[in-house]
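Participant: Here's the letter readout for the chains.
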Amino acid sequence: MPTVYNWQIGREMSYPHEERHPQTQFAFVFNPNRCIGCQTCTMACKSTWTFSKGQELMWWNNVETKPYGGYPQHWDAKLLAMLEEANPSGQVWDARNKETEKKPYGVFDGLTIFDAANQKPRPDFGAQQALGYLPTDDQWRAPNIHEDTATGDQFKTKGKDDYGGEAQLPEHKVWFFHLARICNHCTYPGCLASCPRNAIYKRPEDGVVLVDQGRCRGYRKCVEGCPYKKAMYRPTTRTTEKCIGCFPRLEGKDKTVSPTGAPAETRCMAACVGKIRLQGLLSIEEDGTWTEDPQNPLYYLIRQRQIALPLYPQFGTEPNGFYIPPRWVPRSYLVQMFGPGVDHAIEQYSCPDRELLAVLQLFRANQQIVFRFEIEEGPKVGEIEVTMPDGSSKTQELFNDTVLGFNKLGEEVVRVTVEEPTFERPADMHVNSI
Amino acid sequence: MSDENSHATAKVHPATREILPDDPMQMHGFEVPGDPNLMLRLLVEEYARIGWGAEEILQLARDPNYQAFHGLLQFFGEEKLTSQIGQILARCGVIRVTTKETVPTSERLVQIEMLE
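If you read the protein sequences in the order shown, they are chains A and E.
Per our numbering, residue 253 is the first one in the first sequence, and the count goes up by one each step.
Per our numbering, residue 240 is the first one in the second sequence, and the count goes up by one each step.
Isolated chain A, as found in the complex:
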């Protein structure tokens, strides 16, 4: 099996195909810190791409509530357990061994899904290129069921809003968070590796992973091999379908959004009311390294500041979806989910400096993809007190800075200015103030 380099795990790994890379790569940053789980993204995707017969249980975009939630149910816990079984106590990171470019999070010493399938084949699962499993119909059928009611029976107490009982789960201390997920359009996709028909490919122009419907025969090996379970079987066509990255919008063909033909964000990104999403196209070198481009907001957040981290990088597919870890969640859980970069990311995000704060304003600021940002600096407008990861407080300075976003053609599409903060004085404080 050929070897490829995976910068997210800081080492080479086995992969069934030779290393080749697209010119640009579809990528995104989600911020679960502010996701309210409204599912607007889910419905934007559903109403655009998966509203037909046979697609009823298909949600290319879903938002699940962690720790209990998953679509399909338990997808991540199941695969983590399989990897642990394949390599008991060996799924560990060496976070001391870091290099900014080649191994920013250190080195993962355990087995990826490709290593595991290669080293420890499971006869009971048949031939596998990537360790995986096929979820049952029941696990696909009910996204979000019970996962939000883990803390009790509040729905029942509402009387008329009896949603049908609660989960029989321990009452944990409400630390859960909402995790929005789409296909990560991985650099080394598990679905692509698993397909016995070579029906799955990455587009050379933007790295979007697509299924050739003419070649697909519905063996569902991709469903088994995608660790994120984002390849889905459609019984009416007997083929697999998956997120297509809204490629007509990436190509700038939606003239109402991008009249000059500049690439636009996908439907799920554009619909986000919570402004948790930022999407981009990153320039990729022939050897797979990201072209240094610190004025690209995604490059800035992911590679330069390292506040956005890949989801389960240890699976080894080099996913191109990145997340700003939610700050209140127990650290061990976050490290398992996002790797050892969590501490640094949370530290940076908790008290952003003026440049980072300005770039964070670009989330969902415009429907066109921002390829470059500039910051026009303004005077200091205030100080606020923010909470650091250890619970201590720190003073953050605010500046009247303006961040400008430019599309692929160099046209300015948006400018966002940070204004003077406002303070609301509660009635029970400052009783003698005017």
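Rather than coming from a laboratory, the hints here were simulated on the basis of the structure.
Be careful, since some hints might not be right.
Pairs of lysine-lysine residues, derived as DSS-like cross-links and limited to a Cα-Cα distance of at most 25 Å, are as follows [claimed, not checked]: (1) E:Lys339 x A:Lys632; (2) A:Lys507 x A:Lys298; (3) A:Lys505 x E:Lys339; (4) A:Lys527 x E:Lys339; (5) A:Lys660 x E:Lys339.
A quick note: this is a predicted structure, and the numbers were derived from the prediction, not measured.
Guided by the hints, dock chain E onto chain A, whose structure is given.
Facilitator: Relative to the frame of chain A, chain E by itself:
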């Protein structure tokens, strides 16, 4: 009632049906420690970063469809939660931004004339 009906299985609504150990829809979980006070502080700061004031945050907490924050309201109670949100916002302030988007000038968008 006929004999035939007396042998029929009583109908039980799925919501109230007993969950069996091999039920694929049953979830298994264990409690993971967390700090509701820290979660509240960080969530309020987060929403303050996108320009939400106390009333908007409270509205979110009151809505049972937004479970993360609604869970906090149930944990603290509305009175204490309101007071806590006020105190947090008094420290961290509400960050305001102004956004100016370039309006696309599409040639395809034309005014449809009123029908007579």
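Participant: With reference to the structure, classify each hint as holding or not holding.
Facilitator: Here is what the structure says about each hint:
1. About 21 Å separates the Cα atoms of lysine 339 of chain E and lysine 632 of chain A, which keeps this hinted pair within 25 Å; it holds.
2. Restraint check: the Cα-Cα separation between lysine 507 of chain A and lysine 298 of chain A comes to about 21 Å, which is no more than 25 Å; the hinted pair holds.
3. The straight-line distance between the Cα atoms of lysine 505 of chain A and lysine 339 of chain E is roughly 24 Å, inside the 25 Å bound, and the hint therefore holds.
4. Proximity of lysine 527 of chain A to lysine 339 of chain E is assessed by CA-CA distance (about 15 Å); at most 25 Å being required, the pair is judged to hold.
5. A distance of roughly 18 Å separates the Cα atoms of lysine 660 of chain A and lysine 339 of chain E; the hinted pair therefore holds under the 25 Å criterion.
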